[in-house]
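Going by full-length UniProt numbering, 128 is the number at position 128 of the sequence shown; the sequence numbering is gapless.
I should point out that these hints are in silico values taken from the structure, not numbers from a laboratory.
Fair warning: there could be bad hints in the mix.
Quick list of in silico lysine-lysine cross-link-like pairs, BS3-like style, CA-CA up to 30 Å [what the hints assert, rightly or not]:
#, residue 1, residue 2
1, K87, K129
2, K98, K77
3, K87, K77
4, K98, K87
Treat the numbers as computed from the prediction; the structure is a model and nothing was measured.
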Amino acid sequence: MHFVESYLATYGTLALFFIIYSESFGAPLPGESALIASSLLALHGTLHIQTVLITVFIASVLGDSTGYLIGRFGGRKLILRYGYLVKLAPERLNQFEKIFAEKGIYVVATARFVVLLRQLNGLVAGSMKMNPLHFLAANMVGAAGWTLIWGLGPYLLSGVLAPYVAHLKALF
1 MHFVESYLAT YGTLALFFII YSESFGAPLP GESALIASSL LALHGTLHIQ TVLITVFIAS
61 VLGDSTGYLI GRFGGRKLIL RYGYLVKLAP ERLNQFEKIF AEKGIYVVAT ARFVVLLRQL
121 NGLVAGSMKM NPLHFLAANM VGAAGWTLIW GLGPYLLSGV LAPYVAHLKA LF
């Protein structure tokens with residue numbers, strides 16, 4: 001987390017946008033850690049919380065939408081060929097497709113809270129030809145919830161959590 005925090009302190013919301021956007025369409029990057037670190041940097045005045053929240057929401061929606069477009073137009077064939085780059089083996093793709101076929105809109109709305117689903121839900125939803133408007137609506141709901149919980153949550157709860165964070169830092 002220290003590396004992420006120093007990277008964000010140096011490059012600001014541009015780095016945050018890059019991390020969240022890239023993670024949202026499949027890159028294995030520490031998006032959630034970057035969001036929490038940015039929230040804490042905002043608490044200390046290095047970043048502005050409003051800018052952090054807006055940046056994360058936009059990057060999340062655009063990243064997932066990019067994944068959706070790649071999946072939609074590249075299809076299953078593209079994912080099978082290059083899925084290993086984002087740890088999406090054929091067996092895992094089959095599992096995701098079953099889940100999306102049954103509960104696609106709910107998966108997209110909540111996927112951001114599950115590490116591997118966060119990176120792959122746009123790709124899979126696109127390859128499954130999920131309705132684009134349903135995808136966008138669910139994507140925006142999920143991005144808003146994730147941004148507020150992991151962005152605004154640490155910012156608002158920092159006073160309550162500060163003694164515990166100090167104790168954890170002492171352990172590591």
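Going through the hints against the structure:
no.: 1; hint: K87 with K129; in the structure: holds, 21 Å
no.: 2; hint: K98 with K77; in the structure: holds, 17 Å
no.: 3; hint: K87 with K77; in the structure: holds, 15 Å
no.: 4; hint: K98 with K87; in the structure: holds, 18 Å
Checked against the numbered hints above, the structure breaks none of them.
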